[in-house]
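If you read the protein sequences in the order shown, they are chains R and V. Read in order, the letters of the first sequence correspond to residues 1 to 212 in full-length UniProt numbering. Read in order, the letters of the second sequence correspond to residues 1 to 212 in full-length UniProt numbering.
Hints are computed from structural coordinates only; laboratory data are not their basis.
Partial list, derived from the structure: chain V residues whose beta carbon lies under 7 angstroms from chain R:
| # | residue |
| --- | --- |
| 1 | Pro-16 |
| 2 | Ile-42 |
| 3 | Leu-79 |
| 4 | Gly-80 |
| 5 | Leu-95 |
| 6 | Arg-101 |
| 7 | Lys-148 |
| 8 | Arg-191 |
| 9 | Pro-195 |
| 10 | Ala-197 |
| 11 | Val-198 |
| 12 | Thr-203 |
| 13 | Tyr-204 |
Beta carbons are placed, not taken as given, at the ideal position from N, Cα and C, and that holds for glycine.
There are 2 protein chains.
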Amino acid sequence: MERSDQPPDVVIRRLPLYARSLRYLLEEGIHSVSSQELGERINVTAAQIRKDLSYFGEFGKQGIGYDVEKLLHHIERILGLNQHWPVVLVGIGLLGQAIARYEGFRSEGIEIVALFDSDPAKIGQRVGDLVIQDFANVRRVVAEKQVKLAIIAVPALQAQRVADVLIEAGVRAILSYAPMILQVPEDVWVRYIDPVAVLQSMTYYLAREQQH
Amino acid sequence: MERSDQPPDVVIRRLPLYARSLRYLLEEGIHSVSSQELGERINVTAAQIRKDLSYFGEFGKQGIGYDVEKLLHHIERILGLNQHWPVVLVGIGLLGQAIARYEGFRSEGIEIVALFDSDPAKIGQRVGDLVIQDFANVRRVVAEKQVKLAIIAVPALQAQRVADVLIEAGVRAILSYAPMILQVPEDVWVRYIDPVAVLQSMTYYLAREQQH
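Produce the entire structure from the sequences given, and follow the hints as far as they go.
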């Protein structure tokens, strides 16, 4: 495999899982790991890990395995997590509050820096370290803080309008919890968190088994 | 394409999105739709929709398009959503509360029927229509209600133990919000909701663009 190959998206999506696993290993005081051991932790074969990583260079030594810290830093650099990525969160309902307070978003290069809602009853309230701002101010904040990433946790019917405003303001990647597909320009990334659809894809398999 | 082909998982994962889009169309009073129009709503080509649906039979008529209601019912039947799927939710922190109250889980064949936590301060509290129960009772409830689906919203370090108990009790499919990979028997389905990993896969692309 040529190093100049573009890694497929499915590989890019696995890299954060490798990074997290390596972080857990470090916390456990483990500094060297074989592709076999790393694979077992994330239900991927050792061959898959070696293939995934080969897109990005040479890692690990035959028979010795990977230096956990080095590999972690390398993957973080590949993912751009050695940079700081400010994120705005729009929609501070129950879900938005849970997201705003979630420790996982606070580490690993990503930080929620501003919360927005358009409900006057919410604007001005504090959630964790941040105060909910009026969505009318989102353009200014996105521009000032050079925000490229946004999380949308508004109802489905408001999601497209919110996305349009964010993109106009300069946001280039959106994580949306709204159960609808957003229409965005080609140079904007959108990914969805859609637990109902995920559950419904599993009922397919369970229902089939019942029939057999 | 033979109808006996097993549809790939990626097709199964798209079916809930088709179903949701068809439901939106019905709400808008639209009863007939072309694969083109349906495709535009979910950012899939018309050819992809026709190919996806061809795994399950013949739908729509050349030049007329799909009968929205019929196609919706057909997809719901394929996904097993004509059945009732009781779901237990374990871990009633902020995220668990947001999930428990989320209307989206209440429709479309899926219903959260019981909430569990092991924190004595939470047990007995009401969230929406349900009362938080002691996780020690989960086996009995899963057996009594014949629950096959569970949602896990506990911290990473507790997720494996919770999954083990659920699976022993009879759960066959798990949607996990915990940021770690679960080890489960081969006949158990697990899917993950992992917003941090999803965001981090987008920073890869944004970071690359900055370099060019």
